[in-house]
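Chain residues, written in single-letter form:
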Amino acid sequence: MQAVTTVSERTAATTSGDSVSLICLRGDISSASKEAMLGAYHKVGSTVSRVLLDFTGVDYINSSGIAIIIQMLLEASKAESRSIGIFGLSSHFHKVFNMVGISKYATIYENEAAALAVA
Amino acid sequence: MRKVLLLALVATVLAPVLRAQSFDASQWTQGVTTIDALWRFHPDDNPAWASPSFDDSSWPLLATGQKWGSQGYPDLSGYAWYRLRLKLPTTNQPLAIDIGHINSAAEIYADGRLLGENGIMRPRPDWSEQNDDNTFALPLACNGRWIEIAVRVWKSPVASSYSSGGFWKHPVVGSLPLIQASSRIAFAESAASLLSPAIVQLFTLVLGCFGLGLFLLDRRSTEYAWFALWGIGSAALFLLVSVSELRQGSVTFAVGDRELLALPLYIAENLFLWGFLRARRGWLFMSVVLLDVVASSCYALSFHGFLPLPVGQAILTVVYVLVFALVIVRVLLSLREGSRDARLLLLPIVLQGFGVSIEGARQAIYWAGWSRSLNPLILWSNGVVAVDWNDVFDALNLVAIAVALILRFTRSAQEEKRLATELASARAVQEQLVPAALPQFDCFRIKAAYLPAAEVGGDFYQVLPQKDGSALVVVGDVSGKGLRAAMTGTLVLGALRSLVQEQLSPSQILSRLNAQLSTSRDGGFVTCQVARTAPDGTLILANAGHIAPYRNGEEVSTSPGLPLGITRDADYVETTLRLNPGDTLTFLSDGIVEAQSATGELFGFDRTRQISTLSAERIAATARSHGQHDDITVLTLGYAGAEVVHA
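Chains U and S, in that order, give the protein sequences.
Quick note: the first sequence uses the working numbering, first residue 1, plus one each step.
Quick note: the second sequence uses the working numbering, first residue 1001, plus one each step.
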């Protein structure tokens, strides 16, 4: 049975002291996650230049979930001053994200510390 | 004068003593005579106390119109004896004695001879149901004589807190046919008191059978099977307990053990509810089951003396209300999730709520000491047949559940019909996504395996021979499921066939397909891989988000590209390989890497690579055995070598 997606937001500071927004995802990501995910992304202030997507608590992402993530990344790519980072992916989904070209639009890190170190 | 007064005083003092252990019924002529006398009474047990020659003159005196608890023995349980000398009338008619209710069970002796037992005394005594049939025929030889009536009573220690032991009313003696007739009337009244709950249980049985019928019509909906188990089981248990009650069976069984026997039915009822709501059996369900187990066990144990009876009763009452509250929470959660089935359960739940409230209040009033009995709250009675409020709400609840079942089944049947139609359409469309037969090439050996998932998916593949002898291999997957995914697949293939005529490169084909899909699709995407293989072994690949192929068991490195249909701006980069004779390329869909076991474990990329050298059929079969959740497509292309072309 598919687990419901829960999304929470927080801010964190990079090692260089800059503030970044973190969108933390939990559960399974599917078409049912669209509203929660895009809603969280749209809540991020327009002045925020760096957003990190935390997939640490994500168990499964189906093809519709990947479509939502790509949609979010494409939207971000239109805002020239904003960049997206991703961390916490399992090795399986790390490979899937590379396969579908997500790595062209977002940098994928191993974990939060690595993402904040270079953010 | 003083002498007369003294004699009068002695007569007054001795009168109860003289009348105490004797009652003269010899003046009886017809009907029955109430034995309104004091009996000799002694706690404890001794078989010799049945003997007519036993001297009981030192025993205290007790009345029979009230239990011994109100006569100085409030906490007495276990055995006790009553004795009385009774003078029977001189008559040829058969006589009998009716000792009425005895709490908890008793044996009656006449002149040391056992006449019978009231309730269960042998092989060991038990707290027994009382049904007014307590008539014992007296031997004809006793008529016209003084006989010694001895009653050996056993009071259940478990029932001490419930009520005290002994006679409930005065025994009567008289004509056997008359007393038997009176007992039959009393028995009929006891049976009639079960009429109201029996009607409810009959309805429960009918509904249970109805649930069984629904399950037989729709075997996947196991909630109907749970409902059937609950309905039929409840009626069967009621029958078992009612028979026990009417035959002076064990209260320990009929009330205490009944709760344990009912436990599987409570669990079945909750399995039905959760199934009806299509809710996950998580912590809420487990809590309800656990509470039911605890309450039923405690209640049954209290009837076997392991817990005080009021404690077992209180636990049962509290859990009863608590379980109902958790069920309400489940229904409300389902309502919040937009469940239409939850709406159907609203009325039954409200009606059950009334029943629970009344039962809870009744129990609370009794255990708070505001009421001396746990009698049902009677809505209507004609003196024989009574209808209590619980039966009314149970009946209304059953009607509401019946309506909910009918509405849900009708809706499900309509939905199933619609889905079956859509599935048939989708299957028909899906058949167009893969070729019925693969074309033959001189220098390529192409095999394919395609295992559609139970739910129609959107995998597709085509092998299209080109004029220059090369083969154009296209493998793809439409995201999503059902007719829509299958239709998108046919759209891709339709567009592909027209593009093939233009002799485009793989990346150009993907770009053109992407352009078409980006304008026609709303959400979702199509992953696709296009490979053009020339007879000399040159292979050009372009990938739109699809799983890269494997070459002799190693993944081919391809430039990642966005799936088709997401944005018109996607670019597709080609990768060129040179195949050697004997090389095998294996193209796959994500149905292999994302095959999922029952525990949720993905088949994954590592295992996919390890089996990528197997035949297409074996790769597909291996993934399916792991746990198929999506279409599985495997296409292998073996390169035999350019010399074959010239052979």
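It is worth saying that the hints were derived from the structure and are not from the lab.
Backbone N, C-alpha and C define an ideal beta-carbon position, used for all residues, glycine too.
Mixed in with the good hints there might be a few duds.
Pulled a few chain S residues facing chain U out of the computed Cβ check, cut under 10 Å [claimed, not checked]:
(1) S1022
(2) G1482
(3) H1546
(4) D1590
SDA-like cross-link-like pairs, simulated, lysine to any residue; straight-line CA separation at most 20 Å [claimed, not checked]:
(5) U/K95 to S/D1606
(6) S/K1417 to S/S1511
(7) U/K34 to S/K1417
(8) U/K104 to S/P1560
(9) U/K95 to S/G1072
(10) U/K104 to S/D1606
(11) U/K95 to S/Q1610
(12) U/K95 to S/E1601
(13) U/K95 to S/A1063
(14) U/K104 to S/Q1610
(15) S/K1169 to S/G1072
(16) U/K78 to U/V44
(17) U/K95 to S/S1511
(18) U/K34 to S/E1337
(19) S/K1417 to S/R1340
(20) U/K104 to S/S1511
Chain S stretches covered by chain U per the calculated footprint, using a threshold of three residues with CB under 8 Å from any CB of chain U [stated by the list, open to error]:
(21) 1562–1570
(22) 1601–1611
Status of each hint after checking the structure:
no.: 1; hint: S1022; in the structure: violated, 79 Å
no.: 2; hint: G1482; in the structure: violated, 12 Å
no.: 3; hint: H1546; in the structure: holds, 7 Å
no.: 4; hint: D1590; in the structure: holds, 7 Å
no.: 5; hint: U/K95 to S/D1606; in the structure: holds, 11 Å
no.: 6; hint: S/K1417 to S/S1511; in the structure: violated, 40 Å
no.: 7; hint: U/K34 to S/K1417; in the structure: violated, 30 Å
no.: 8; hint: U/K104 to S/P1560; in the structure: holds, 8 Å
no.: 9; hint: U/K95 to S/G1072; in the structure: violated, 86 Å
no.: 10; hint: U/K104 to S/D1606; in the structure: violated, 24 Å
no.: 11; hint: U/K95 to S/Q1610; in the structure: holds, 16 Å
no.: 12; hint: U/K95 to S/E1601; in the structure: holds, 16 Å
no.: 13; hint: U/K95 to S/A1063; in the structure: violated, 91 Å
no.: 14; hint: U/K104 to S/Q1610; in the structure: violated, 28 Å
no.: 15; hint: S/K1169 to S/G1072; in the structure: holds, 17 Å
no.: 16; hint: U/K78 to U/V44; in the structure: holds, 15 Å
no.: 17; hint: U/K95 to S/S1511; in the structure: violated, 23 Å
no.: 18; hint: U/K34 to S/E1337; in the structure: holds, 16 Å
no.: 19; hint: S/K1417 to S/R1340; in the structure: holds, 18 Å
no.: 20; hint: U/K104 to S/S1511; in the structure: holds, 17 Å
no.: 21; hint: 1562–1570; in the structure: holds (count 5)
no.: 22; hint: 1601–1611; in the structure: holds (count 3)
In summary, the structure is inconsistent with hints 1, 2, 6, 7, 9, 10, 13, 14 and 17 from the numbered list given earlier, while agreeing with the others.
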